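Just need the whole structure built from these sequences, with the hints factored in.
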Amino acid sequence: MPDTADFLRLEKLQVHFPIQGGLFDRVLGRPAGTVRAVDGIDLDVGRGEIVALVGESGSGKTTVGRVITKLAHPTGGRLLFEGHDMTSERGASALRPYRHRVQMIFQDAYQALNPRHTVFDIVAEPLRSLRLVKNDTQLAERVSEALASAGLNPPGDFFARFPHELSGGQRQRVVIAGALAVRPELIVADEPVSMLDVSIRSQILQVLVDLRDKHNMALLFITHDLPLAWLIADRIAVLYLGRLVEIGRADDITFNPRHPYTVALSNATPKVRVGVSHIDLPALEGEVPSAARIPKGCRFHPRCPMAIDRCRQEDPPAVEVGPQHMSACWRAGEVKARSELLGVARSSSVEPLERRLVSSLVKDRCRSSISAEAGVPDLPDPIRGP
Amino acid sequence: MSESTVQSLSRGRTRALKNFLRQFLGHGGAQLGLLCLVLFLVMAAVPNILVGPLQTAINATGDFLASPSSQHLLGTDEVGRDVLNLVVHGARISLTIALLATVISLIVGTTVGMTAGYFGRWVDDWLMRLTDFFFVMPSFVLALVITPVVLEVMGRGGEILGFRPSLFVIIVVIGMTSWAFVARIVRSQTLSLRERTFIDRARVAGSSNLSIMVRHILPNLVPQIAANGALVVAGAIYVETSLSFLGLGDPLQPSWGTLLSLAQSAGAASAGAWWYLGAPGLCVLTVSLSFVLIGNALDDTFNPRRRVIP
Ligand SMILES: Nc1ncnc2c1ncn2[C@@H]1O[C@H](COP(=O)(O)OP(=O)(O)OP(=O)(O)O)[C@@H](O)[C@H]1O
Ligand code: SF4
Ligand SMILES: [Mg+2]
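Line by line, the protein sequences give chains Y and G.
Numbers 1 to 386, taken from our numbering, label the letters of the first sequence in order.
Numbers 1001 to 1310, taken from our numbering, label the letters of the second sequence in order.
Derived by calculation from the structure, the hints in this document are not laboratory data.
All values derive from a computational prediction rather than experimental measurement.
Note that beta-carbon positions come from the ideal geometry of N, C-alpha and C, so glycine has one too.
A few of these clues could be false.
Going by beta-carbon spacing under 8 Å, a handful of chain G positions derived as facing chain Y [claimed, not checked]:
(1) Arg1196
(2) Phe1198
(3) Asn1209
Partial chain Y-side listing against chain G, Cβ under 10 Å, derived [stated by the list, open to error]:
(4) Leu71
(5) Ala92
(6) Arg99
(7) His100
(8) Gln103
(9) Asp108
(10) Pro115
(11) Leu130
(12) Ala160
(13) Gly178
Chain Y is nowhere near these chain G residues, computed Cβ spacing over 10 Å in every case [as the list claims (entries may be wrong)]:
(14) Leu1032
(15) Leu1142
(16) Arg1201
Encoded structure:
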């Protein structure tokens, strides 16, 4: 297991946005309230580790990523990188050493590329800004190398192209190449494949996994897709309304969830096999509450099928429910019993097409999960199906 | 390696430029505007070849306020100068004033608008207050304030950067009163550009604020700046005309505006000397209109989506 102690650490991280009130509020001088986008998160990412951050839309995933990449400023808590407090570092020149080591991949590759820059300029930008190359020859070499690692071959063919001359998959590869060019140690990938065609997803995911394998690069993989997180990550952190509700090894979170929200989240993913009954917890009801009005007590209680009186009053702390496995639920112990029979349902919740495409990944995963989880029955062959 | 890189890069740029030119030149309005503009630029470039040296009261050749004839195609003015001669020579002054004022206006307007929009908060508040102040300030008021100062400092006969003080004042006044318009447009465009993800990416790539503004925001503002710059030129030519009525024009180096105000004070309208008023007036109109046409064509070329809306 990678050393998680002193690479990237978030301590009680908090990002609150003030709500811009209407004219009436402003005249009266009263604050219109705050959006608690991130509301006290503790998270470690180890060197060379892939951690997936999973949650519904609006749960604050992007905001966490933006804090780590210094695009958003926390209103509380700390951001530590190798033990150094990066929380209040500002300014492009002061952040240069940090930028060199921490990069980001953006969700919408079309928006992330300046329409008036060529691919070469886009990939060369961090190398130039961070002063990582001495001359143009070196620059061209590094750009070619980055484009090739991102799967754009031969790199020279792409130098002079503009973003609108590329396909969606190629654009995302350019974004990835831009992040790779500086050879960072951590990449925050914000839903890097959610806008892409299924057939291209697996290739992009493969590029990301290769980076870890070859360069021991750490990855914070942001997604709303639990099965996808299971495919790629070592550990999964589940986010609900700005708080981590459960965190643990990918297999534990997927096959042995200990928080009703995680269970509900995996129930919500489409099932391919008919006849496999899923967990006897009813599906999620209602909408995600707004981050401006977070419920008192356990923030999940209005939608939680297991809620008790205590949940409405007291906020549950994260407690250890297994090795490297934390859950913030008063009834975490009871969730276990109910979800044990769910292994089969969980494992087949990955869509077959996608599963076939990421087959090599899946096979690895399945093997390790079978050996790790004695409680899980035989898994269907990922390629031929059940 | 790097040589072929540079080559392929410049090929990409050339291709983009060619595409742009083909679209722009295919635009009917742009063709008409450019044609008129080229005619006037030729006038401004070589007036002596076209109509001989500038006539003054001393070397005037014609009668007073004679109507157009084969000798004086556009008639003469109240001291017998050939109006065609004056109008052709006026082109250089008028275009110089308009273009220089536009350059000032675009530089100031873009800098202020982009800074305000990019940094937001108090920078935006203060810069926009300043902008609003200049936006509502009438150009003749500013001219009245600036003229005595400039004359005091420079003396009536002196030259500033090769311009007579009165011309200099006109250029500065037009530049100062038209940048606010540019600043507002640039600011609102910057506000939306600032939220784009590629700005975040540039920040993660370690680019400084200055480099983000210059390398990311400015190139995306070019369409707006170009299209509105053409409108500013058109406006500048009009304002120059109205400032000349204040007596700021230079009778020794008459612009079209100066000619119009001379015609006005010579009673050309009541004397029925339509050629004296009409010739410079038509020039002002034509040049302004051709810049408007060019500006609209640029706007159309840069925003292909707007082309469907009539
Ligand atoms: N700059 C901001 N100002 C005000 N509120 C914000 C801002 N950025 C995010 N929020 C709010 O914070 C909450 C979390 O947003 P965030 O984008 O982090 O969610 P997310 O998990 O990434 O969602 P998605 O899956 O839709 O991308 C949302 O309620 C959002 O409206
Ligand atoms: S603490 Fe209560 S409401 Fe919250 S998840 Fe657990 S059971 Fe549900
Ligand atoms: Mg997001």
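Hints versus structure:
no.: 1; hint: Arg1196; in the structure: 6 Å, holds
no.: 2; hint: Phe1198; in the structure: 4 Å, holds
no.: 3; hint: Asn1209; in the structure: 7 Å, holds
no.: 4; hint: Leu71; in the structure: 5 Å, holds
no.: 5; hint: Ala92; in the structure: 4 Å, holds
no.: 6; hint: Arg99; in the structure: 4 Å, holds
no.: 7; hint: His100; in the structure: 7 Å, holds
no.: 8; hint: Gln103; in the structure: 6 Å, holds
no.: 9; hint: Asp108; in the structure: 6 Å, holds
no.: 10; hint: Pro115; in the structure: 7 Å, holds
no.: 11; hint: Leu130; in the structure: 4 Å, holds
no.: 12; hint: Ala160; in the structure: 3 Å, holds
no.: 13; hint: Gly178; in the structure: 7 Å, holds
no.: 14; hint: Leu1032; in the structure: 29 Å, holds
no.: 15; hint: Leu1142; in the structure: 34 Å, holds
no.: 16; hint: Arg1201; in the structure: 5 Å, violated
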